[in-house]
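Chain A is already provided as a structure; the job is to place chains B, C and D with the ligands on it using the hints.
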Amino acid sequence: MTVSADTGAPPAEFSDAPGRQLALEMMRRMQRVRLFEEATIALFHAGELPAMVHLSIGQEAAVVGACLATGNADYMTGNHRSHGHPIAKGANLDALMAELLGKATGVCGGKGGSMHLADFSVGSLGESGIVGSAIPVATGAGLAAQVRGTDQVALCFFGDGAASEGVLHESMNMAGIWKLPVIYFCENNGYAVSLTSEESLSVPDVATRAAGYSMPGTVVDGQDVLAVYRATREAVARARAGDGPSLVEAKTYRFHEHAYGLVVSRPYRDQSVVDTWFDTVDPVTLFHDRLIAWGVATEEELVALHSSVKSEVDEAVEFARRSPFPPPEAAYADVYAPSPEETR
Amino acid sequence: MTVSADTGAPPAEFSDAPGRQLALEMMRRMQRVRLFEEATIALFHAGELPAMVHLSIGQEAAVVGACLATGNADYMTGNHRSHGHPIAKGANLDALMAELLGKATGVCGGKGGSMHLADFSVGSLGESGIVGSAIPVATGAGLAAQVRGTDQVALCFFGDGAASEGVLHESMNMAGIWKLPVIYFCENNGYAVSLTSEESLSVPDVATRAAGYSMPGTVVDGQDVLAVYRATREAVARARAGDGPSLVEAKTYRFHEHAYGLVVSRPYRDQSVVDTWFDTVDPVTLFHDRLIAWGVATEEELVALHSSVKSEVDEAVEFARRSPFPPPEAAYADVYAPSPEETR
Amino acid sequence: MTAARTRVKQLGFLQAINRAQNEEMARDERVILMGQDLRANVFGAAAGALETFGPSRVRDLPLAEAGSIGVAAGAAMAGLRPIIDLTVASFVFGAMDQFVSQLAKARYMFGGQATLPVVVRSALYYHGGTAGHHADRPYPMFMNVPGLKIILPSTAPDLLGLLKSAIRDDNPVLCFEDANLWGRKGRGPIPTAEDHLVPLGRAAVRRPGTDVTVVGIGLGAFLAEQAAEELSADGVSAEVIDPRTLVPMDWPTILESVTRTGRLVVVDPANRTCSAASEIAARVVEECFASLRGPVIRVTTDDTHVPFSPALEKQIYPNKDKVIAAVRRALAG
Amino acid sequence: MTAARTRVKQLGFLQAINRAQNEEMARDERVILMGQDLRANVFGAAAGALETFGPSRVRDLPLAEAGSIGVAAGAAMAGLRPIIDLTVASFVFGAMDQFVSQLAKARYMFGGQATLPVVVRSALYYHGGTAGHHADRPYPMFMNVPGLKIILPSTAPDLLGLLKSAIRDDNPVLCFEDANLWGRKGRGPIPTAEDHLVPLGRAAVRRPGTDVTVVGIGLGAFLAEQAAEELSADGVSAEVIDPRTLVPMDWPTILESVTRTGRLVVVDPANRTCSAASEIAARVVEECFASLRGPVIRVTTDDTHVPFSPALEKQIYPNKDKVIAAVRRALAG
Ligand SMILES: Cc1ncc(C[n+]2csc(CCOP(=O)(O)OP(=O)(O)O)c2C)c(N)n1
Ligand SMILES: Cc1ncc(C[n+]2csc(CCOP(=O)(O)OP(=O)(O)O)c2C)c(N)n1
Ligand SMILES: [Mg+2]
Ligand SMILES: [Mg+2]
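Residue numbers (the numbering used here), protein chains in the order written: chain A, 396 to 739; chain B, 396 to 739; chain C, 376 to 708; chain D, 376 to 708.
Bound conformation, chain A alone (with noise of 0.2 Å):
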């Protein structure tokens, strides 16, 4: 699946100023995934991260690709490979690097933690370590947005692991049923932990199930950005016009072992093919050439973007290392919100 750099014109998407800004953020969004998970893995190294974090490096393009095909109004929920949606979605990095510590500043005030990122404030309706779990909550926020009459989306993000789960059946034809505006996005990176996609799908591709409820299903390039961000907003219009979900799955690589630092005794994917992936699929360095190709960018933007998005990156970490711990008492609140009807 190596895609080859284009040389020549660039695609229509970015022949104009605006496009051109399109796809700077595009390679900042990626790269802001990228970098913020390479400064976890130094954390991890450091012994400063309280937990394991599932990361998605490799699957950058999958990610940065469908949340750019929505907007901040939309909605989102996903799974714990979780740093990489909120962060496409534009959330603050301070926010999501105190919740990996546990820090009062955190986006969930340290409550969440890695699986469990939710920023509201752009339509991060929140992760969840259930896997599969959340996939009928973004059915839900699609329906709220038909109920409503607005002309928000849902992006729902699950794994080709998750695609085994009821509840995805369940959701989607239910958004079937109502011509719900939501998008089913697969990030089929081969794995379920150890088991393979093709051990645990019954059909090679999971978007062969779109047919089961009159909705179409589109298989594309998880490691090319712009064919992601194409498969989806063509999604997101088809549901912004009211003509009901559609299911996207891109194919895309994990790079790195299910969780950073799980070490799996017995090997199941060949390693020496893995060592390549940063070569051959990577979806940065693969951007990066065709950005250059096309003359949308140039070494020296691109340089200077990577080295602001890495300060962010800093400034993030700095700022969760130096926030404070919630107070003891924090694990007591929130489990109700405040209402008249309280107890006595």
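Just so you know, the hints here were simulated from the structure itself, not pulled from any lab data. A few of these clues could be false.
Claimed, not checked - The calculated SDA-like cross-link candidates involving lysine to any residue, where the alpha carbons are at most 20 Å apart (straight line), are:
1. C:K697 x B:E724
2. D:K689 x A:E443
3. C:K697 x B:Y727
4. D:K689 x A:A499
What the hints assert, rightly or not - Residues on chain D that point at chain A, a partial pick, calculated with CB under 7 Å:
5. D412
6. P437
7. P583
8. F683
9. L687
10. Q690
Just so you know, these numbers come straight off a predicted model, no measurement behind them. Ideal Cβ positions, reconstructed from N, Cα and C, are used throughout, including at glycine.
Chains B, C and D with the ligands alone, transformed into the frame defined by chain A:
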């Protein structure tokens, strides 16, 4: 979907002596379902039924065609519309009828009742009052056959309403990846209580979903017992050959209200059309007329068959009536199986 | 009471639900109603909803319990206030992950960002020959899950008032309706107030007394009243408390009563082990031990499944005689 | 104890599981093992299984909790004896309907025709920064469901022996493994018996005592022992009981002890409301009231969700100091 009676030569299945036996057995089992349920209607009106019943009248060809395509050693699970399944599988009517009256001689000792019949002696592993809940159970029975290396199959009845439940998806996926010998058999009678299948299903045919699990999906005329038998037999052959699961969808009709005696104040189907069904799509009449047209049976034979089944049903009612209720302590038996590690 | 019943017009349980839902939907357009067979109004509590509020706000759900509760959670997080009619409480199990992982936890785990004003209604459908798959009383399971509120009214006016409060509450509220009260038992005079609200978390003292406290849940509240009536003929003065809300429980009312009477019987239609009755007993012995003068007795459904046969079913549940026997044991102990 | 630990070779928790599974699979070819990531042995308890018993009897499950439990139920009804490794106890919720409606009820509702020898294992994964979606301790919910047996061993030898008994039991057995015991805490000498069996339903008296009974569940049993050790320095003699099996509970051992000591503290890592501790307290006050000389105190996890932050998490659980404080309250009351 009215099927005009064929004339001329009988179909291959019925052309020799064993074939004739098969045809008569189909009729006998359909009559057993029909007359058993007519008896329950009478018991209902006589105030002798302790609870409501969900009748399969109108769906006899679907349940009988499917069950006769399997053998006694094969497994089967079903749902709340439960009488037809074990009857078609060959269960003893006395014990079924006694169960409906809550008697000690009932097939479940009076503890299951109408929605939860089970007759393990004929492979009927039980019906589920929780819609959809027995679908993975049938799947597991198929797994057991595979692990033990027998050629048994599992027949899994479910309705168009149940098709929206997540466990169907989870089960079909597992059956697909492991190539389990399971036949998912959808009795699509057009309704889940008052909800039409068009409203509850996001796709016209449940069978379309089979492709999402790499299994064949067939739509069959559920009023034609032979057509159902053929489609199911094909699925059974495939399962026995180790080629995995299939989905068969029989389009059928529920002639009575969701539960007999239930009054739905607001009509959800056109009663004038419903009233014609006994004349146009009654599977028993259709098969009757064909058997005669094909020369497979005479009117006299069919009348004799009818009355022999009628007496069998009458005897079942008498048996049930004169059977004792279980003793009170039976309420506390069989919560657990005996085991060497019983508590003191 | 009995005399009054013939004079005052009584409110039915289904009417109470219907009125609560319709009043709140009229009051707040964010409230939507979803459930099975609502348009055909098969269960009888949805009359007029579709006509008044239209198909966008009144939807028939396909059979998909987990999906339904998850959809409600997401819709709530995006600004709606869904009411989900799951019809029978035995159908909650399929949605358990959504109840626990999404409805109950989302607000906490996201540091207060999420608000989940969802009401989930379901009927406790025991005592009527429906057998093991339709007769569960699963509320104690949910009491073990922080983040959910639980109401279980025993009179129609309470159902009306509590359900309205639940719909206005910003938390997920599970409303369990004891189907044995649908008939005569659960009626009460029709509230005249335009806005009849009963606050969550307040018990009702159904009958004051001095010798023993009897806490009764759902049908258990009625059995407790019947038993108290009969016991009074023997000179035993029983105080009957109906908690009405199980989470948050009105501990002050219960503890104060037991402190006075020194004796406690709890009548709870749930299965015995880890029941609401167990919790009430445990809490009382923890906090009022010094006042206790006899054992706390639980009158619950026996730990078995619900058998179909009419010859078997009734014995497993609490009844008036079991309550009376329990009170006598509590007094003797 | 501490001295012994350095001398005798100790059994690890994962080894105990591994040995129980492999021994029973070798003994009975109807036993099959299914779970996530078994072949890669990600959790560490499946070593050798695939190699020894082959891919038909050792299967990696896709992510489908309800389907998995239902498949196990069906396979059991058709003659197999499945072990399902659900890995983390927080994943049980998605399968709740299959646990309740199929596993627990099928035998009863079908009048004894079905036999369901299924073992479902899952780890209680709290206390380690996994946050709200991986740290549940849901066994009290299942105690409310008749038809299921529940084991919760606190030592590796008990885990070995109970798990083997569970696999041989003809009933569905849920095995909850307290992950806090995976390390040093839960070890014990490696049983030498070829067939080390611990019967279901028998508590272990970890330490005899006369002043107060402390029942401890899972990690709670260790906390109880630690507390008892410390209290003994103050002249308080605490009897420590580890039920090991929650259903059926060994009531005779618990009730006999409380009858002697007159005081009870229960240490239970579950959420407080409707916990196993609540049930034990309720049952004891019902049956031993005359012997009780102080309040029954529950030491449980507070009724909140599990927060991620290391600054927040530990305080919500039982610990040694809370147990000691509870014992003092029980003695004072
Ligand atoms: C309901 C549930 N079951 C199991 C797990 C354990 N688990 C966490 S991630 C994972 C694999 C998920 O695979 P996929 O959906 O493909 O996402 P990926 O990790 O590949 O991004 C598993 C089995 C879980 N968290 N939730
Ligand atoms: C889990 C669950 N939800 C809801 C119900 C209530 N209910 C019983 S039958 C039924 C309709 C089922 O429709 P379908 O599967 O098409 O079967 P049919 O009744 O048409 O034979 C419903 C909603 C139930 N028994 N179980
Ligand atoms: Mg994956
Ligand atoms: Mg139907």
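Now for the hints, and whether the structure bears them out:
For the suggested pair C:K697 and B:E724, the alpha carbons sit about 17 Å apart, so the restraint of at most 20 Å is met. Taking the CA atoms of D:K689 and A:E443, the gap is about 18 Å. The hint holds against a cut of 20 Å. A hinted pair counts as satisfied when its Cα atoms are at most 20 Å apart, and C:K697 with B:Y727 qualifies at roughly 18 Å. A C-alpha spacing of about 16 Å is found between D:K689 and A:A499, which places the hinted pair at or below 20 Å, so the restraint holds.
Against a cut-off of 7 Å between C-beta atoms, the interface hint on D:D412 holds, since the closest Cβ of chain A lies about 5 Å away. Annotation: D:P437 was flagged as interfacial toward chain A, and the flag holds, the nearest CB pair being 4 Å apart, inside 7 Å. Interface hint at D:P583: violated, since its Cβ lies 37 Å from the closest Cβ of chain A, which is beyond the 7 Å cut-off. Hint status for D:F683 relative to chain A: holds, with the closest Cβ pair at about 3 Å, below 7 Å.
Satisfaction of the interface hint for D:L687 is found here, the shortest Cβ-Cβ separation to chain A being roughly 4 Å, below the 7 Å cut-off. Taken as an interface hint, D:Q690 checks out: its beta carbon lies about 6 Å from the nearest beta carbon of chain A, inside 7 Å.
In the structure shown, a violation is registered for the earlier hint numbered 7 alone.
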